[in-house]
Amino acid sequence: MRTQTKIALGFFVVTVSVVILMSVGVYLFSINYSFEDFYKRLEIRGVVSAGAILDHEEARGSVLQEVREMHLEKLPDENVHLIPLKPGQTFGQEAARLSLPVSFFEEIGRLGHARHKYKNTFFAGIKYAAKSGDYIVIVSADNYYNSHHLAYLRNIILVGTLCASALSLAVSFLLSRLVFTPVREITHRVNRINFQNLHIRLATHGADDEITKLESTFNKMLDRLATSFETQNNFIGSASHELSTPLTTIIGEAEVTLNQERSVAEYKESLRSILTHAERLESITKSLLVLARTGFGKEKNEYDRVRADQLLWDAKQMIESINPRSNIQLNLSLMPENPEMLCMLGNETLLQLAFSNVLTNACKFSDFRAVMVSIGATNDRIFIVVKDTGIGIPENELKFIWDPFYRASNSKSFEGYGIGLPLTRNIVRLHNGDITVSSRVMRGTTVQLSFPTAG
Amino acid sequence: MQKTVLIPTDYTVESLNTLKKFMAMTPAPVHVLLLYCIRASDSIIELLFGRPEGEVDPMLSRTFNEACGILRSTYASKLLSLQVETFQGFTQNAFQNLLEARNVTEIVFPAGYTFRRQSRNSVDPMPFINRAVLPKTEVFWLAPERDTEKSELAELFFEE
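Read top to bottom, the protein sequences are chains A and B.
Letter by letter, the first sequence follows residues 1 to 455 in my numbering.
Letter by letter, the second sequence follows residues 1 to 160 in my numbering.
Keep in mind the hints are simulated off the structure, nothing from the lab.
Each residue gets a CB set at the ideal place from its N, CA and C atoms; glycine is no exception.
A hint or two may mislead.
[Said to hold, decoys possible] Ranges of calculated distance between the beta carbons of each label pair, as one might list FRET restraints: (1) B/M126 x A/D367: 34 to 44 angstroms; (2) B/L47 x A/I200: 48 to 58 angstroms; (3) A/M318 x B/N121: 50 to 60 angstroms; (4) A/Q232 x B/N121: 29 to 39 angstroms; (5) A/N396 x B/N121: 29 to 39 angstroms.
[Stated by the list, open to error] Chain B is nowhere near these chain A residues, computed Cβ spacing over 12 angstroms in every case: (6) I7; (7) S30; (8) D55; (9) V67; (10) T257; (11) R305; (12) I322; (13) E337; (14) R381; (15) I384; (16) K387; (17) T436; (18) T453.
[Unchecked claim] A few chain A residues that don't get close to chain B, going by computed Cβ distances all over 12 angstroms: (19) N32; (20) N120; (21) Y144; (22) N219; (23) S321; (24) D380; (25) V385; (26) E397; (27) Q448.
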């Protein structure tokens, strides 16, 4: 069932049940009130009639008689029965005559009044103390109000309930349609977007409501998709360019060398040049392979416990052995007292690759000035901060640094292919970590890595 | 008796350097109370129903909490407890009451650091501290030029 129908039905059911509940309540309370009212009228008539008949010689009696004759309208089927009350009397005979239960009489004797109802005929009995002794006065009449007024009320309520139900059915379907119109529109518009027209965005309609939020969320997702498509395209372009440059050089070198007979020294020279470029080609291909592996293969099975600080030391040593000019200073002032807190789950080789990438960048782009590395841990995360005083990254280029082969505009004079940072990020993500880079041109760059601690 | 140290803060990672420096110096284990001062609101509705936390919580950034966590684990044995408290009083007496209620035995404050106002209601804690009658320690540290890191953990990691 569609959500729209569900909402409409839900609304309808709630409305109708409220209406029905109210109608039933009104009807029941009206019946109750009308019975109560009718019995009271019968009782008053009983008192008046008994007074008028039994005490007609007295002043009070004559007034009552006058009231009875002049003002009291006869009720339909009105009957008054007067039964003298004697001690020890059983009412079997009277009960049979009036077709009333004996308990009715007994109740009058005991409480002074009683009520009974047979079909539409109502009986009210009271005890009346006349001059000549105690009497039981029984007044019976047909409840005209019950049979007519209440039937009328019942009809009104029935028709009203039906009308209200029909109305609420219509309104609930209309309302739910109205609510879901924007959602349908969004579905319709999103359906039209595919990878060829990723630039299309949903038009947001100003108001600060859920639909606008949904639309802007969609738009943001499309932005991200478009960016990643673009990155992919750029990636292929840059990769082919990076791969073709050394290839072109190799081919050119070989062609020039083969043009004419050359001396052994010249052949050696040219072969050496070809070798250098082939090596460069190989290293690019290798790093691309690693990038691809870290980016897609989620091989979690080979994770083991590693110490983050140990990895940092290893990375530092490795970099210093490759380039002795590197100056990496490990700041241990915030090391946790408990070394267990520096343990994390990870692949040692990959993590070391990531750390050495970050550290190498820091050394390289700061012309081998001092690079500060600090490590600290909270209860559930390890933080590593690397800070250099190098050339920095222009602010408007910060968002591109994660794209493979992207190189900041001020880094052209430095060696590199632009694979290190994306690779590092892939590795960090594999380990559920976070990497943030903040930078100011010519002042330096700070890279902050954080990883979850091992249990 | 265990010492309780009060350190003013402005909820920046940078201000935690006072705590870091102090922990490096102090030999004995201490309880630490980080204090942030705000002015109590004039609005009757806020006085009745508002809590100081309501105003302060948004300022407690994730980075600040992480920095606190790092300091906690760095000085796990010396730092017995690290609490963050908000002071809303106007008067020196109110401040004195707070110090007594929390059994503060010493105040540590940074030299030459201007507290940053995180909100309209922020109050500089230094006047209260200057007039308080308790042993005071001044800690000096030099923040790195705020170049690359804006309220990031690096502010805590690299002070000189």
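Status of the hints after comparison with the structure:
Restraint check, B/M126 to A/D367: a C-beta distance of roughly 42 angstroms satisfies the suggested window 34 to 44 angstroms. For the pair B/L47 and A/I200, the beta carbons lie near 52 angstroms from each other, so the given range of 48 to 58 angstroms is met. Our hint of 50 to 60 angstroms for A/M318 and B/N121 holds, since their Cβ atoms are close to 52 angstroms apart. The supplied range of 29 to 39 angstroms is broken by A/Q232 and B/N121, whose beta-carbon atoms lie about 50 angstroms from each other.
In this structure the supplied range 29 to 39 angstroms holds for A/N396 paired with B/N121, their Cβ-Cβ distance being about 36 angstroms. Once the 12 angstroms rule is applied to beta carbons, A/I7 is consistent with being away from chain B; the minimum gap is 35 angstroms. Once the 12 angstroms rule is applied to beta carbons, A/S30 is consistent with being away from chain B; the minimum gap is 47 angstroms. Distance to chain B confirms A/D55 as a non-interface residue, since its nearest Cβ pair spans about 72 angstroms, more than 12 angstroms.
For A/V67, the requirement that its beta carbon stay farther than 12 angstroms from each beta carbon of chain B is met, with the minimum near 66 angstroms. Consistency note on A/T257: stated as away from chain B, and its beta-carbon is indeed over 12 angstroms from all of that chain's, at 49 angstroms minimum. For A/R305, the requirement that its beta carbon stay farther than 12 angstroms from each beta carbon of chain B is met, with the minimum near 18 angstroms. With a least beta-carbon separation of about 25 angstroms from chain B, A/I322 lies farther than 12 angstroms from that chain, consistent with its non-interface assignment.
With a cut of 12 angstroms on Cβ distances, A/E337 falls inside the contact zone with chain B, its closest approach being about 4 angstroms. Not every CB of chain B is more than 12 angstroms from the CB of A/R381 (nearest about 7 angstroms), against its label as outside the interface. Not every CB of chain B lies more than 12 angstroms from the CB of A/I384, the least distance being 9 angstroms, so the non-interface label is violated. With a minimum CB-CB distance of about 6 angstroms to chain B, A/K387 fails to clear the 12 angstroms threshold, and the non-interface call is violated.
A Cβ of chain B approaches the Cβ of A/T436 within 12 angstroms, the least distance being about 8 angstroms, so the stated non-interface status is violated. The non-interface label for A/T453 is inconsistent with chain B: the shortest C-beta to C-beta separation is roughly 10 angstroms, within 12 angstroms. Even its closest Cβ contact with chain B, about 47 angstroms, leaves A/N32 beyond 12 angstroms, as expected for a residue assigned away from the interface. With a least CB separation of 62 angstroms from chain B, A/N120 remains clear of the 12 angstroms interface cut-off, as annotated.
For A/Y144, the non-interface assignment is confirmed: its Cβ lies about 61 angstroms from the closest Cβ of chain B, beyond the 12 angstroms cut-off. Distance check on A/N219: its Cβ is at least 27 angstroms (rounded) from any Cβ of chain B, clearing the 12 angstroms threshold; non-interface status holds. The Cβ of A/S321 sits about 26 angstroms from the closest Cβ of chain B, beyond the 12 angstroms cut-off, so the non-interface label holds. A beta-carbon of chain B comes within 12 angstroms of the beta-carbon of A/D380; the shortest separation is about 8 angstroms.
Consistency note on A/V385: stated as away from chain B, yet its beta-carbon is not over 12 angstroms from all of that chain's, at 5 angstroms minimum. With a closest Cβ-Cβ approach of about 15 angstroms to chain B, A/E397 is found to remain outside the 12 angstroms limit, as its non-interface label requires. Look at A/Q448: its CB is around 6 angstroms from the nearest CB on chain B, not clear of 12 angstroms, so calling it non-interface is violated.
Violated hints, in rising order: 4, 13, 14, 15, 16, 17, 18, 24, 25, 27; the structure is consistent with all others.
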